[in-house]
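Peer 1: Listed here are the chains, written in short residue letters.
Protein chains: 2
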Amino acid sequence: MKHRFSRFLLAMTFVTTALIPAASADEGMWLFNDPPRTLLKERYGFEPSDAWLAHLQRASVRFNSGGSGSFVSSAGLVMTNHHVGADALQKLSTEEHDLLAEGFHARTHAEEKKCVDLELNVLVEIADVTDQVNAAVKPGMSAADAFAARRAAMSTIEKDSLDKTGLRSDVVTLYQGGRYHLYRFKKYTDVRLVFAPEQDVAFFGGDPDNFEYPRYDLDITFFRAYEDGRPAKIEHFLKWSQAGAKEGELTFVSGHPGRTNRLNTVAHLEFLRDVTYPWTLQVLRRREVLLSTYSERSIENARRAKDDLFGVANGRKARIGGLDGLQDPAIMGKKRAEERALRDAVAANPKLAEEAGSAWEEIDKTLAVNREISRDHALLERGHAFYSRLFTIARTLVRLAEENEKPNAERLHEYADAGRDSLEQDLFSEAPIYADLETVTLGDSLSLLMEARGADDELVQKVLAGKSPKERAAQLVAGSKLADVAVRKKVAEGGKKAIEAADDPMILLAKLVDPAARAVRKRLEEEVEEPQRQAYAKITNAKFAIAGTSVYPDATFTLRLAFGPVKGYEEGGKAIPAWTTIGGAFEHAAAHNHQPPFKLPKRWMERKDKLKLDTPFNFVSTADIIGGNSGSPVVNREGEVVGIIFDGNIQSLVLDFVYSDKVARAVSVHSAGIIESLKSVYDAKELVGEIGR
Amino acid sequence: MKHRFSRFLLAMTFVTTALIPAASADEGMWLFNDPPRTLLKERYGFEPSDAWLAHLQRASVRFNSGGSGSFVSSAGLVMTNHHVGADALQKLSTEEHDLLAEGFHARTHAEEKKCVDLELNVLVEIADVTDQVNAAVKPGMSAADAFAARRAAMSTIEKDSLDKTGLRSDVVTLYQGGRYHLYRFKKYTDVRLVFAPEQDVAFFGGDPDNFEYPRYDLDITFFRAYEDGRPAKIEHFLKWSQAGAKEGELTFVSGHPGRTNRLNTVAHLEFLRDVTYPWTLQVLRRREVLLSTYSERSIENARRAKDDLFGVANGRKARIGGLDGLQDPAIMGKKRAEERALRDAVAANPKLAEEAGSAWEEIDKTLAVNREISRDHALLERGHAFYSRLFTIARTLVRLAEENEKPNAERLHEYADAGRDSLEQDLFSEAPIYADLETVTLGDSLSLLMEARGADDELVQKVLAGKSPKERAAQLVAGSKLADVAVRKKVAEGGKKAIEAADDPMILLAKLVDPAARAVRKRLEEEVEEPQRQAYAKITNAKFAIAGTSVYPDATFTLRLAFGPVKGYEEGGKAIPAWTTIGGAFEHAAAHNHQPPFKLPKRWMERKDKLKLDTPFNFVSTADIIGGNSGSPVVNREGEVVGIIFDGNIQSLVLDFVYSDKVARAVSVHSAGIIESLKSVYDAKELVGEIGR
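So the protein sequences, as listed, match chains A and B.
Everything in the first sequence is counted per the working numbering, starting at 214 for the first residue and increasing by one.
Everything in the second sequence is counted per the working numbering, starting at 214 for the first residue and increasing by one.
Hint data in this document are derived by calculation from the structure and do not stem from the laboratory.
Worth double-checking, as some hints may not be accurate.
In this list, chains with the same sequence are indistinguishable; a pair is considered to hold if it fits within one copy or across any two.
With a Cα cut of at most 30 angstroms, we get these calculated DSBU-like pairs of lysine-lysine [to be verified]: (1) K702 / K675; (2) K812 / K519; (3) K815 / K519; (4) K703 / K898; (5) K780 / K680; (6) K683 / K780.
If we strip away everything but chain A, and leave its shape as in the complex, we get (with noise of 0.2 angstroms):
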């Protein structure tokens, strides 16, 4: 009998690591240390040497405005996405001058447009740290007293770190939990725009098109690092490829995924499909009416809300095919069996399931809760109440007063002294802040609260302070000083006195709003993440246990190295070839009869006969990349540059949940048609030198 059971548990074996969400085909947002090497090596016969990781490594750039990016000269020379670079078009655009949707094009560092607010990491060390964070946790410690402890212990890695080292120091938490790791950077706080085209070209095909293939978009925006006043000399940059890729041919993509939940347990993503998608989209699309309509009274009103509204309807679309892969009995199904299995193998392990058995009870428990209280935590601590630059300003000095009193270790997050310096680029970031369109936001937001909480809701009530919430809106606006920085800076300045002292409505506001928002952050906190991160961590432990290392975390924005070959696809029983041309653009524009989005600007229009039309423009590869991936670099086996990541398709949404090469695609602007257009089209030839073709 023996023998029977234990072939049968062996079969049973076979079958759960097959299931197990182990990393298969072209799958995987790879640390950096931890490569997957036997993959790479099995499927395409490449052993990526260390030197080679820890150039694309160091080459590799963080915008802190949520996007990917890479070096590409010795001069400090940095290539994004349009869509990445917009937040600080927007942010130096004025109504004379909209360069979101005109570009730019400086042809000497003189003329390079110093950015309000860009900030960007360059990941030079990575440290496992999981022991010390977890050493803080003692046995038989509350929720509570654990995430504290677990706080604590991260901002005080992070403060030595940055002490010690004088780079930006982050503990990022991987695997839901997992693990830990202290993440130093490389930052750059001189940021200065220098190439950017019309978006027209750039987001080609806008909202329709986005998320879509084919594809002609020349999403690429070039800014340039400083140091002291001068371009920064860079020793890990990307050689741009000769060739570009070809078909079949295998690429890397280095960059920084925001955020997916492969590792989620099934009941996790039915919380994400019955509660967060519903709530997150109907705020979105709640956001989009309001900023298209405010967008749609005059050309200065769409100036001002573009970038927001681009922002919205972005994450609109994602999070629908995000919902319609939560929504599909196929996927789910999937999920459920190999979460079975997995559940059965540490079922069949004494050692596991002692140890990690009870896990996805604990996180239903978390998820319980969590349905009680995510309407509010996202009404007023997530802000989804208080739609406003000015009110986040507010709330931000309010807290950074109160914060300050405390030890570094007790603070939240946010407020400890590692991340001080980017906290502050932000509250003190000169962006224009437009008050006819704070008021349309913030009165919307809180006619949401209304709505959300009801009429006889003493917070309401408060916050509404007689008024309705539009006439609220407009009080509040008017009478805030907070768009002057000087303002922010002397609140900031004056501590908690000058928190106590303060008469401007929106801080008033934030300080009434504060303790309901804490409450329900601490519940969020103690309730839910800490014993998710408890459970989640014991679930991590069984996966390694049984499939090894062929486990990657899941996304967290942090560096990560995906890999596929360029590669087509097969939709509706049509073939989708790998990549497009730069003559398709305006075969594409034809066919909408030029009419917006797909009217190409108009140098494009006359500088039609001077290209090469037959350049390759946009291709799709296999690589798992998820958003943040924007603007990561694409390069061969040499690490030159063939391509720049900007989208995935329609297919690609569901890369959230479980990843797919059958007909999921990374799309990626081509090099040859980046180096044709900047020629052809933007005689930039400054640039196409400096980038050395």
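Given the coordinates of chain A, assemble chain B onto it according to the supplied hints.
Peer 2: What follows is chain B alone, placed relative to chain A:
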């Protein structure tokens, strides 16, 4: 003591009467059989004769697509708004000819285009049937029995009237159940398109200018009613004013306001604020984003979805305005004070106290039930979960077969004999159905169903049949044959057997959903609507007893008379003049760089020099109107056309709940602007001649 009490009571009664929402100023959507004679005489020294009223009533036209209009020639010429005619224009359009965008002009009767499914109604007679309807409801009946008895009485009255007169006969519920009137209509179902301007001038300013003022819109369309294949001979048609309306001149509006909620209790208004409006707005915003993104993909998509998208955006803007009012403590405070006053007056009169004292609590009870069921009612019965014309057709077929088996008086009201012609006009409409658009809208609404009821819900699982919402929608639309009118007719003729044997997937879906949809409808009818009718009847009778007949009923999409002078207003300290000019349209376009929706049609730009630019174009008056009044003729004391209602300003959106003539204004196209446009832009001499100018 008695004396003092008496004096107190008198004083109270005085306050009460002033606060009870009886008509004041230029308020009121008056019944033609109960016009505000005293008010008009006292305020304006005007005494309309019976003949004056009868003529205006008979010249007024109701569009079953949701608006108003009027006869303006003896040969059946009907004037309405472009946005009222839009439904017909959309259904006559093809990929080659977008009548909505391009406009249309028939210079001869032969060129006039027959509308697909437009029905016009002219109110011929009104009879009070309150006693008959109420007599059916016996004291002590359960709400369910009362509902059934009342419905039976109404259906029987309608059927008898139809049989006797051959006229469309509707029992209209007034004062939320306080009165029942039988309306008899002459019907026109052969209606042909005569003239429509381009949408760019009809809806100049688009959504940003919708519900705003100043305005510059030529929001008109002309149809012609036919009888027996010839232009209908019309006795009561409106003559055109030579001068048009002057500032301060008293005007009258005869049209069909759709729905107001002014007589609602405060608790009922709170229900609208907390439940109805937020839900409806969520659905509207969702549909707006869906239809916008669908439309953006191609010019043909935009054409297909145009009228739906307009309707959705229009509804969204109107309802946001309404919700603003409900969320405004000033307005709710006023409603509360009025209700307090009425309840005090009722309490102070023993007879009224006995008859009506409990009505408010009775309504509260219905609201508690409605809170429980309203979401399911919206999803399943109002079809928010099945946003598809094919589904609506399938459901009508399923119910038609089932209801036809019952005696007339026992059927769902819309399946009773009296309304059968109109139901079939709609069911067998040749209006085009686009499979791609159906798939998109049904898929999104099935996703909403899953979000709202949960993935594990039994009904949801049955509806989705193991597929994702989008896959299921694609399967249903691709498999259904109901786009073919001949198929619909065959199923309808086949009765119950045809439905039992049907394998059309959309019919199977309608059958699957119907028990749940009927169940929630039954609860709404019996536990909410019927008790509300009874309670509101008590309140209405109390109001009549206290305030006399100066109380008009809430709007019910039946003919009403409103009035008020042409009058500007003040906004933010700025005087807004009573009218705009044609020249202002060109200035408004230039101020927006001629970008859509501020782009005038090519023909207008070409004819600018021929136009008398100082001709009045749009104007405002204090008349009390609401959605449904669109297209209403505006006449002077002589009953001559001085304009046509097409909108209200943004301040008028609270008229749903409370009237004010301080800044709320009705917006009309000026009669002179219409003639000048027809002559100088469209060379429409024959039309101007027929109108008699």
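Peer 1: Evaluate each hint against the coordinates.
Peer 2: Now for the hints, and whether the structure bears them out:
Taking identical chains as interchangeable, the C-alpha atoms of K702 and K675 lie at most 30 angstroms apart only when both belong to the same chain, with a minimum of 28 angstroms there against 60 angstroms between chains. For a Cα distance limit of 30 angstroms, the shortest separation of K812 from K519 qualifies both inside one copy, at 17 angstroms, and across copies, at 21 angstroms. Taking CA atoms no more than 30 angstroms apart as the test, K815 paired with K519 passes in both settings, with 20 angstroms inside one copy and 29 angstroms between copies. Taking CA atoms no more than 30 angstroms apart as the test, K703 paired with K898 passes in neither setting, with 46 angstroms inside one copy and 71 angstroms between copies.
Within a single copy, K780 and K680 get their C-alpha atoms only as close as 58 angstroms, which misses the 30 angstroms cut-off; across copies the closest is 29 angstroms, which meets it. In this assembly of identical chains, the alpha carbons of K683 and K780 lie at most 30 angstroms apart only when taken from different copies (27 angstroms versus 52 angstroms within one copy).
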